[in-house]
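With the numbering used here, letter number 209 in the sequence shown gets 363, and the count goes up by one each step, no holes.
Among the clues, some could well be false.
[As the list claims (entries may be wrong)] Here are the simulated lysine-lysine pairs, DSS-like style, with alpha carbons at most 25 Å apart:
hint	residue 1	residue 2
1	252	201
2	332	407
3	277	185
4	254	185
Read the hints as simulated data drawn from the structure, not as lab findings.
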Amino acid sequence: MAIFKEKKKVEIRTVSTAAEVSPLRPQYIEKTPPCIGHCPVGTEIRKWLVLIAQAEAYGRTYPEAYRAAWEIITDRNPLPAVCGRVCPHPCEDHCNRKHKDGAVAINALERFIGDYAIQQGWKFTKLTEERQPEPVAVIGSGPAGLSCAYQLARRGYSVTIFEAFRQPGGMLRYGIPKYRLPRDILDAEIQRILELGVELRTGVVVGKDISLEELRRQYPAIFVGIGAHRGLRLGVPGEDAPNVWTGTEFLNKVNSGESVDVGKRVLVIGGGDTAIDAARVSRRLGAEVTIVYRR
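Produce the entire structure from the sequences given, and follow the hints as far as they go.
Here it is, written out as structure tokens:
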């Protein structure tokens, strides 16, 4: 970034060489680009975008540039194809190009790179072949648990994931509808993490099937990433009726494959992501949907 700082007031004059003497000088300051600064995982966005945009200048074919971009993305985020579909992309909201011709389509490009990697069958590689002596337990196989297991496995740790549900993915699988996040995409990116040697134990409820004390005896380190599967309640009379669900509860039922009878008419209270997902799923189930929102 160039910031022009005035040294002193100097009269601009013509000299014998016909050049002008400017009173300004550039001062270069290293700053984090706003797209990177607002990425929740700090992905080096500008770096991988440049690799693609200037592939020929770097002497790479586009497939080679895609591979290099994928490796940069997955250094921080092992789920680019997933995030390319469901991330709210705050990077684009703060992109400097917004003030000129429009934000760079970072999210769409990440999705393309993630899908391309799946099509090409690219695999993760470990950062070291040295095995660490301490095993680690990860409770929960949502995006946080999967990312933790990925980073640890790459560094030589033996990782075991304990998941209460029948399948891994957490809110990615049980909270996000299939039309937004196809399950083959989710499964492919999870499988790639497991292939690093991560052990997955599904259907295990910590505190019921195995105690936390027992885990502490077996594992020197435990990561807890159990997510936020409990929906919000309004605190009004009648919300405990059998035909009243929280948004996350309703989506969990549908995404688990349960037969859900929503009736002919559905009322959705709220206007956030979960509420809109619930409304769209209800519409797909054949109901007439009304959304009530405070704004």
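### Message
Just to be careful, I want the Cα atoms of residue 277 and residue 185 compared with a cutoff of 25 Å; is the pair within it?
### Response
violated, 33 Å
### Message
Check the hint pairing residue 252 with residue 201 against an upper bound of 25 Å on the C-alpha distance.
### Response
Holds: residue 252 and residue 201 sit about 19 Å apart, inside 25 Å.
### Query
Taking 25 Å as the top limit, are the C-alpha atoms of residue 254 and residue 185 close enough?
holds, 20 Å
### Query
Is the hinted pair residue 332 and residue 407 satisfied, with a Cα-Cα distance of at most 25 Å?
Holds, because 13 Å separates the two Cα atoms, which is no more than 25 Å.
When the structure is compared with the earlier hints, a violation turns up for hint 3 alone.
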